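Chains as they are written, first to last, in this note's numbering: chain X, 1 to 380; chain E, 1001 to 1334; chain C, 2001 to 2267.
Derived from the structure by calculation, the hints contain no laboratory data. Owing to the predicted nature of the structure, the values given are computational and were not obtained by experimental measurement. Hints are supplied without guarantee of correctness; some may be wrong.
Unchecked claim - Covered, in the sense of this in silico footprint (three residues per stretch, anywhere, with C-beta under 8 Å from a C-beta of chain C), are these stretches of chain X:
hint	segment
1	4-17
2	40-50
3	53-67
To be verified - Below 27 Å or equal to it, Euclidean Cα-Cα: the simulated DSSO-like pairs (lysine-lysine) are:
hint	chain 1	residue 1	chain 2	residue 2
4	E	Lys-1183	E	Lys-1075
5	X	Lys-312	X	Lys-238
6	C	Lys-2244	E	Lys-1331
7	C	Lys-2231	E	Lys-1118
8	C	Lys-2017	X	Lys-267
9	C	Lys-2051	C	Lys-2081
10	C	Lys-2246	E	Lys-1272
11	X	Lys-165	X	Lys-198
12	C	Lys-2017	E	Lys-1300
13	E	Lys-1118	E	Lys-1004
14	E	Lys-1118	E	Lys-1065
15	E	Lys-1272	C	Lys-2260
16	E	Lys-1118	C	Lys-2108
17	C	Lys-2231	E	Lys-1037
18	C	Lys-2255	E	Lys-1272
19	C	Lys-2232	E	Lys-1170
20	C	Lys-2246	E	Lys-1300
What the hints assert, rightly or not - Residues on chain C that point at chain E, a partial pick, calculated with CB under 8 Å:
hint	residue
21	Thr-2130
22	Thr-2147
23	Lys-2231
The beta-carbon is built from N, C-alpha and C at its ideal position, and this holds for glycine as well.
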Amino acid sequence: MSSPFFNEDHESIREMARDFAAKTLAPLAADIDKNEEFPMDVVRQMADMGFLGLKIPEEFGGLGLDMRSYVCVMEEISKKCATATLFISSANSLSTAPVVISGTPEQKEKYLPGVVSGEEFIAFGLTEPNAGSDAASMTTKAVADGDSYILNGRKCFITMAPISKYCIVYAKTNPEKGAKGISCFMVDMSLPGVSCGKHEEKMGQRGVPVSDVVLEDVRVPKECLIGELDLGFINAMKTLSVGRIGVASMCLGMAAEAIELAVEHTKNRVQFGKPLCKHQAIAFMLAEMETKLNAARGLVYNAAWMMDNGMKADKEASMAKFFAAEAGIEIVNKALQLFGGYGYSREYEIERIYRDIRVCSIYEGSSQVQQIVISGQMLK
Amino acid sequence: MEAKTKDLWVFVETNEDGTAKNVGIELLTPGKMMAGKQGGALVAVVIGSGVDEAVKAANEHGADKIIVVDGPEFKHYSTDAYAIALVSLVEKYGPTSMLIGATNNGRDLGPRVSCRLKTGLTADCTALDIDDETGNVAWTRPAFGGNLMATIICPNHRPQIGTVRPGVFKKSDAVEGKAEIVKEDLHVAESDIRTQVLEIIKDLGGENVDLEGAEIIVSGGRGVGGPEGFEPIKALADALGATVGASRAAVDAGWIAHAHQVGQTGKTVGPKLYIACGISGAIQHLAGMSGSDVVVAINKDPDAPIFDVADYGVVGNLFEVLPVLTEEIKKARG
Amino acid sequence: MNILVCVKQVPDTTEIKIDPVKNTLIRDGVPSIVNPFDGYALEAAARIKDKNPDTKIVVLSMGPPQATAALKECLAIAADKAYLVSGRTFGGSDTLATSYILYNAVKKVEELEGKFDAIFCGKQAIDGDTAQVGPELAEHLGYPQVTYGLEAEVDGDMLKVKKEVEEGVEVIGVKFPCLVTYTKPAWDPRYPTIKRKMAANRAEIPVLGDDAFPDIDTTRIGLKGSPTNVKKTFVPQKKTGGVKIKEADNETSAKVLFEKLSAASII
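Based on the provided sequences and hints, a complete structural model is requested.
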């Protein structure tokens, strides 16, 4: 056994993900980044293997597995292609968690199986131009009108919006009640009044399209309300806590890959008459990178283990995401440094990882938001 | 079974037009040496339809005796017809050893025949000798993807059979034939042939690639970088009248059809000149081209293993080396 | 449709290195995998099952107890049932003895799983590279064979097999029961699914041991029952002494190469 956190099933899931990443994703990753396009047959392949339904209940086509299974997959896939993990993390958290957490049986039946099979995508619309970390300050509104709601507003940086069939939209139904007046809606992207903004040209994780979602007098039937009226914000926060572990796991994978590349490079690259790794300053850098990676692993695995055992782990999940993202970015940065000029060339994988990992301290709760959560728990 | 003679047989596989496949004629060369050491005759066994050309070739390249089975049922190869014919000949004449070319058909037929005769078979040999003490054939073949060579013997069963890779041995010079030719009136009933050819799709991937018969091969590997990277390779091949080969890495990447693949899981080749471009030289590739007379390697990595087997190694960028080389050749050839 | 797929666990020969000092194979740390060609055979069976869902796929392997890992891998990909043939008296068998043991095993497994319409094998194992066990098993069973198969489809009482030949591809028709060996097709075999993988982790794999075949002819198995034996093994000699050309620029290198090849009358 390689770790007290994982059992035989976890290990074999990890091995499957590693094998898939090496054989199928690794050869595609550079093109996915360059062309900003992810092959849909590979999404189907991931769906067939079960990656898109890891945490979805079995009765809706998923596997109903635990958080640690999800960690194993995210960590291994992100080693070879960070973009691919977005399809997995969306399917397992942002696209489905609101429905899994608060949806009716009919809603689950309607929305979950298509996501699990990789045939339908659901975007997650929380962020707005003026409501990022402070999500409760959103201005998108939903007004009841007969047996419908009329939605107006603009969501931004919405992952997969241009390819999604639905978008989960958080909107104010009771504006004077602040966070306690927000509701969650499942919006069909083909409804009149729904449109996507321009393609967002990103620094990293470029294989997944991102755009604004614009809502202009969109009439949504009442069956599309997910969970109770005015309780949408709680649903959003619970969804994000699942996502946090996913992002943290991605950071572990990217940092591990960066270290592996750095070790290989410093063993082979000869300067001043000996391999780089034989220079103590370089070897010490590697030691520090490896130590920080393992510290991050400890935090992530422990948070996942606590969740799997029914413990409250908000603080642990935030610490895991905060530390894994910050340490991951630092490790990848150092690995790139060890590549010297080559690391600055697009021909080398480390350059892509450097861009791919950067967003991890920004999205799904920035490092600063995680620190608010952590300190909030300490100081209450 | 017991051997009735000390004769060594070479199975000469034929093409549908009645000519001999090269490997059958190649095998007469080591066959002559082995038959001599075993104290028996060198017998070519020709099975096919309208096989006069093949018989003539066997006669001109050293067979002492030629056993001929000729019939329409042997025009297109089938496991059943050929196995029935070859087994009944072996049972009738009782040779002590038999060589079969390790073509797809040879490797299909060999184990079927050896199993029916309850004797040993050594597959895909690259070297042959006779053990001086015992008179057994010492069959040498690669294993573990070419990482290891093994010498196999079959001491107590006859005939001892081996399949031998095409291109390992060279055809002897043609001489005037004086072999005894024995025509066997042997036929296989249609009902005994349990497979039927429903369709023939020639030209896999739109190209007919004769790597095994090529005198010059220019091959590309991972270093060519993509399908368009084969353009300078094709240009050089055109200038030289050569065939284009590829390493597994290039084929697996989808840059070129499998029919071009040289190596353990592709073709084994033995050209006069093999030019490896951007091929690192994995042992599996070397296993397929080490029979080449002269090897030229062009690779930007000075430590690539291909240089260990190259007679001429150029350390450099193939995209800059190849066009210049192609131009020089064109100039020299006018 | 009832299909048996024969698989072998092999060392990943692409990972094997040579000890430069002792000049021997380094086998330590080399991962064990399902022979890739057997993987193609399993994929061919799985594709038949995709079209004919009532197909049952049984996998059979002969090897040490650790070979259950290879069988579990097959269960995770597509197989419904797995059997391992493992016994001390089977060790040291050459291809003829191995195929004879497998023939006995096929008969035994058929008592439990019903008669097999088709037996699929890889064209060869990447450790031995003999390509003999498939055809020999067909001969023991008295079945027709098709080797170098790429894919197969069921057409009534016949299997239509696309077969790789030197000049291209042939479509061969063969009646059941039959044996087909497979080579590398143009596609990659499917991956296991997590669901199947977890079920495979829990699967019990029946072992057919030394006493599983009371009627077997013991003079035809193991080292003593094998007509061929290995006299010696050695690591192939590397050719050395080539000329290395590395001029100031690539153009000059190319010209030097041309001059040398011309001077030696190679081109």
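Inset, instruction - Kindly indicate which numbered hints from before are broken by the structure, ordering the numbers from low to high. - result: none
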